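Novice: Using the sequences plus the hints, can you model the full thing?
Counted from 1, the sequence shown has number 147 at position 147 by full-length UniProt numbering; the numbering is strictly sequential.
For the record, the hints were derived by calculation from the structure and aren't laboratory data.
Only a predicted model underlies this, so the values are computations on that prediction, with no experimental measurement involved.
It is possible that some hints are incorrect.
Distance windows between CB atoms, simulated [said to hold, decoys possible]: (1) P83 with L152: 20 to 30 angstroms; (2) D49 with M239: 14 to 24 angstroms; (3) M210 with P189: 25 to 35 angstroms; (4) A219 with R79: 45 to 55 angstroms; (5) P16 with D114: 49 to 59 angstroms; (6) P83 with L176: 32 to 42 angstroms; (7) H53 with R27: 57 to 67 angstroms; (8) K179 with R128: 17 to 27 angstroms; (9) K179 with L125: 24 to 34 angstroms.
We put the beta carbon where it would ideally sit given N, CA and C, even for glycine.
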Amino acid sequence: MSKLPEDVREHPIPDPAELRTLVVELRRLVLTYKFGIDEVMTKVSILRDEFRHMQNYNPVEHVGSRLKSFESIVAKCRRKGIPLTPEGVRAQMFDIAGVRITCSFVNDIYLVRDMILKQSDMTLLEERDYIKHPKGTGYKSLHLIVQIPVFLSDRVENVIVEIQLRTIAMDFWASLEHKIYYKYDGDVPRHLTDSLKLAADVAWSLDTSMERIHDEVKAISGDAEPVASRHNLHTPEEMLRDFWRAAEADGGFGFDSKT
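Specialist: And the structure:
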C-alpha cells in the first residue's frame, strides 16, 4: 500500500465539523478586515471634509477600497504555503484589506500621509516609498502598512490595512500596468514594458508640471483654492459683520421679551 504524501500526513483534512468551524472563523476574520477598511475610510473622510470646510482646499481627489475575497485568501494560502488558519493568515498575509487614496499633487500625498499617521490609534508597521524609489517598471506610489483597532461586541481586533497613496496620473498608469500584466499573465513583451516605462516618465513629468503651475497660481492669488461659497453674495466674514451691524442698530444683543 502506497504511503500518503508528506504534506497530507502533516496537514490531514479536518472532519466536517472542524471544516464548518474553520469556515466560520475565516469568514469572521474577513469581516474584521472589512471593519478595518471602514475605520480607515472614516478617518480619511473626516480629514477630507475638515480640509474642505476649514481650509477651502481638498488634497484628496478620490478614496477607494478593496477587500480580498474568501476564495482569494484560500488560493493565496495554498500558493504561498500559508497555514489556512486565522492565526496563519493574520501573521503572513498583509494585503487582505486595502485603501487607495488618490491625490491631486505629489505634495498632497505626503500631507495626507502625515495626517493619517498622526492618528493616535494608527500604528505604522511598514512604509514603502515607490515615489522616491520607483520600481524598475516605472511604478510609483506610497504604501503604508498600518494596524488599527476594531472594536467588536466581545473583543478588540488589531487589523492590518494597506494604504496606497497616488496622484491621478500614477493611478491611471498603475491601472494600465495591472491590466497588461494580467492579460499576459506576467509574461509581458519587451516592447510593452519599454512603452510602460516611457509612459511612467511622461506621467511623472505631468505631475511635476501641474504641481509647479498650481504653486504659481497659489502664490499669485494668495488663496489655496477658490472658496466654495464664492457664488454667494456674502462671505462668512461679511455675514458676521452684517450681524453685528444689525445688532447695534437694534440696540444690542438683548432679547425681546415677546419672543
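Novice: Take the hints in turn and mark each one as holding or not.
Specialist: Quick rundown of the hints versus the structure:
1. P83 with L152: 20 to 30 angstroms: With Cβ atoms ~23 angstroms apart, the hint holds.
2. D49 with M239: 14 to 24 angstroms: For D49 and M239 the Cβ distance comes to about 21 angstroms; the hint holds.
3. M210 with P189: 25 to 35 angstroms: Since the Cβ atoms of M210 and P189 sit about 31 angstroms apart, the hinted range of 25 to 35 angstroms holds.
4. A219 with R79: 45 to 55 angstroms: holds, 52 angstroms
5. P16 with D114: 49 to 59 angstroms: holds, 51 angstroms
6. P83 with L176: 32 to 42 angstroms: Cβ of P83 to Cβ of L176: about 36 angstroms, so the range 32 to 42 angstroms holds.
7. H53 with R27: 57 to 67 angstroms: violated, 39 angstroms
8. K179 with R128: 17 to 27 angstroms: Given a distance of about 22 angstroms, which is inside 17 to 27 angstroms, the answer is holds.
9. K179 with L125: 24 to 34 angstroms: holds, 29 angstroms
Violation of the numbered hints given earlier is confined to hint 7; every other hint is satisfied by the structure.
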